[in-house]
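As you go down the protein sequences, you meet chains H and D in turn. All residue numbers for the first sequence refer to my numbering, where the first residue is 1 and numbers rise by one. All residue numbers for the second sequence refer to my numbering, where the first residue is 1 and numbers rise by one.
Treat the hints loosely; a few may be bogus.
Example chain H residues on the side facing chain D (calculated, C-beta under 10 Å, incomplete) [as the list claims (entries may be wrong)]:
id, residue
1, 25
2, 31
3, 93
4, 160
5, 164
6, 165
7, 234
8, 236
9, 237
10, 239
11, 266
12, 280
Chain H regions said to be covered by chain D (calculated; three or more residues, Cβ under 8 Å) [stated by the list, open to error]:
id, stretch
13, 7-20
14, 269-279
Treat the hints as calculated values from the structure; they're not laboratory data. All of these numbers come straight from a predicted model, not from anything done at the bench. The beta carbon of each residue, even a glycine, is placed where N, CA and C say it ideally should be.
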Amino acid sequence: MKYLHLVWASLFRKKTRTILTLVSIIAAFLLFGLLDAVRTSFAQAGQSANGAQRLQTQSRLSFIQPLPQSLGAQIARVPGVAAVTYANWFGGAYQDPRNQVFTFAVADNYLDLFPEIDVSAAERESWLKMRNGALVGERLATRWGWKVGDRIPLQSQIFPDRNGSKNWQFDVAGILRAKDKKTGGFFDQMFLLHWKTFDDTTPYNQGQAGWYVSRLADVNQADDVARAIDALSANSDHETRTQTEQAATASWLKQLADIGLIVGSIMGAVFFTLLLLTGNTMMQAVRERTSELAVLKTIGFSDRSVLAMVLAESILLLVLGGMLGIALAQAVVPLIVAGSGGVLNLPRVGASSWALGLALMLAIGLIVGALPATSAMRLRIVDALAGR
Amino acid sequence: MRFLANLGLFVLLLAVLGVWVMLPWPGAAVLVLLIAAWLAFTRRGRQAASVASVGLSTLRQRIGASAVIVIGIAGVVGVLVALLAMAEGYSQTLRATGSADTAIVMRGGSSAEVTSVLDRDSALQVAQAPGIARDAKGEPVASSELVVAANLPVRDGKPGDEGSVQLRGVGEAAWAVRPQVRIVEGRRFTPGLRELLAGKGAAHQFKGLAPGQNVRLGTQQWQVVGVFASGDAMESEIWADANVVADTYRRGSSRAAVTVKLSDPQAYANFKSALESNPQLKVDASTTNDYFAKQSEGVTKVLRIIGIVVGAIMAIGAMFGALNTMFAAVASRAREIATLRAIGFPGLPVVVAVMLETMLLALVGGLVGGLVAWALFNGYSASTMASGSVGQLHFELKVTPELLWTGLKWALAIGFIGGLFPAVRAARLPITAALREL
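Let the hints inform the model, and build the full structure from the sequences given.
Below you can see the structure in the form of structure tokens.
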């Protein structure tokens with residue numbers, strides 16, 4: 001530690017070179033921060049404690065196939081199920097078909113199963129009373145400037161009403177807020193309407209539920225309860241498939257893309273290049289300082305402390321650039337989220353990303369410093385001072 | 001004065017990059033010829049060429065530092081090209097599905113086949129509209145199809161891992177409206193039986209889709225009797241008899257959409273207006289070209305943006321790496337450059353020589369990156385949940401010549417910036433000071 005000023009001074013011996021290298025390192029770790037945020041947002045989806053408590057029951061045939069209404073009461077009687085609710089996918093879009101809205105037609109008790117969603121008791125009460133009432137996620141409401149009491153025209157991409165028109169109208173009854181902003185990114189983009197209204201208005205649903213959600217009395221029973229629910233409809237024409245919310249989300253995201261693989265390969269290319277680049281810088285730095293290092297050894301620095309100093313220099317370079325890079329990523333992420341109007345919802349760079357980043361900085365710093373540091377350690381004073 | 005010069009340099013840089021981005025390849029070829037002619041036939045050009053050749057001959061001694069430029073730029077180009085190839089493959093696969101002489105008719109306002117429902121009467125009326133091609137028997141070539149999703153176990157997943165595949169219920173006419181679909185293994189399904197034809201992409205993705213095997217859809221066992229190929233998005237689907245599918249999914253006599261073959265592409269306008277003016281029908285018609293182009297739009301755009309953003313951040317890193325290397329190269333040759341200037345070489349040949357060297361290294365990097373991306377990723381299989389579909393779309397990454405050219409352009413742009421500033425410093429070196437330096 002007492003040699004820090006010496007390491008620092010040698011690092012900035014050639015300012016241009018160090019700063020140019022630093023910018024490269026910052027760029028690499030900025031990319032790392034952003035991509036790791038994407039990766040974590042995929043990995044974390046559905047991984048909350050509340051998510052583990054919920055089971056999703058869908059038609060075994062396919063996710064678009066609805067289930068009979070009678071199944072709900074049967075599921076509620078399965079031992080280990082604390083509560084059941086159901087929902088349908090409405091396929092709503094606002095103004096333009098491209099502006100898709102996560103619209104669900106839900107049963108009245110839907111919010112009871114999602115304690116992580118915050119809505120005031122008064123607003124929930126008024127929603128229950130309004131036939132065309134809707135509860136709107138906070139972020140969604142901000143994006144389009146909706147307020148409680150507004151009438152929202154929403155186009156369904158799937159369901160027409162009895163007159164064949166796909167233009168529906170809903171009145172905003174209340175605002176949904178995610179209690180935990182970090183993991184609840186999806187909840188504040190939802191648009192919830194009454195399943196009853198939906199079913200009465202469209203001739204295409206006829207009393208069916210898109211899927212059932214049940215809450216477990218005991219998380220450890222998840223597998224048994226899921227099997228018991230699926231057994232209810234075994235060999236019927238509406239066989240079901242029940243999974244925990246975590247498992248369902250994970251399998252869905254896996255179908256979307258293998259994010260881990262893509263992020264991994266990009267970062268591989270980036271860090272390989274970075275290795276070479278900083279390696280070159282460190283080699284140059286040590287080569288230039290041959291005589292200085294010889295002087296250090298002459299005045300009594302041991303071989304090992306010279307080795308340690310060169311290694312410390314390369315690690316310092318990496319940590320300095322890497323920290324700045326990840327900090328930059330942390331600053332940029334909210335801008336991206338704001339710029340995309342809430343469509344892209346990335347989490348902030350979390351502690352795990354910082355830790356992984358720091359480990360990478362140390363590892364790259366060690367690898368990069370190893371070669372110049374050993375050559376500095378092996379330096380023979382006489383040769384170095386003679387310029388051989 | 002120095003400040004103004006730097007500002008001018010910066011403006012020049014932006015202008016050059018702006019023009020460069022717009023430049024198609026014939027423009028670049030002309031540019032290369034012009035520079036080559038200048039190097040060969042003018043006095044200044046020949047000076048620049050000889051200075052550059054001296055620089056290049058010493059390249060071997062600076063192999064490590066030069067490799068930083070080559071590999072740094074190869075990394076940028078490789079990642080950029082691979083990500084853009086993903087966008088390209090996705091968009092090409094969907095676009096290839098459409099053609100100008102077929103049209104698709106769905107319920108009004110439906111954005112995709114799977115969310116559309118047409119009752120039997122509507123489907124029949126659509127088939128009677130003018131402009132539809134007739135087959136040998138004089139019947140209109142119109143295929144009413146049902147599109148649903150089915151859960152199947154994925155090929156290399158854990159037990160219980162299921163994915164969604166789009167299941168299309170078709171009749172005889174489906175083969176007539178899609179001549180590109182051909183059976184590569186097995187046979188067509190027999191109408192009325194629970195028999196399946198698997199697309200090549202779907203067979204690649206899901207377990208049990210080989211001819212002779214049985215798969216479970218819901219409670220029923222279906223037999224796979226063949227595999228078809230079409231080179232487009234249809235390959236990611238499985239096909240079966242429309243009536244049997246309707247029965248399994250309790251859809252009665254309704255269908256999702258009607259795809260028709262037009263007598264010729266010009267007949268479309270007539271066909272569309274006939275449907276619109278029919279008061280009994282509430283349908284939307286579009287050519288399949290438009291329909292699939294629209295389906296591919298969103299995802300393609302997102303993939304392209306991701307590619308460009310990631311590429312740009314990497315490019316910044318590579319650019320500074322190149323700057324670093326070239327500053328070092330100029331510094332190590334300071335005496336040599338000062339000698340040249342002292343015996344009467346003006347600044348321009350020195351600038352051009354340094355630039356040429358950097359651009360050459362960048363070119364090599366761009367080629368290496370492009371070739372690696374091509375070797376590793378051209379034809380690489382990928383899949384995603386496609387928009388407007390309920391199944392996984394299986395597609396191959398396509399490294400096209402245009403993408404390689406884009407990659408080369410990026411490489412040369414990085415080389416240009418990475419070389420410009422060191423080159424200018426070389427030319428501005430005070431001769432006396434540089435000569436005294438050891």
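Quiz item: So which of the earlier hints does this model not fit?
Solution: Violated: none.
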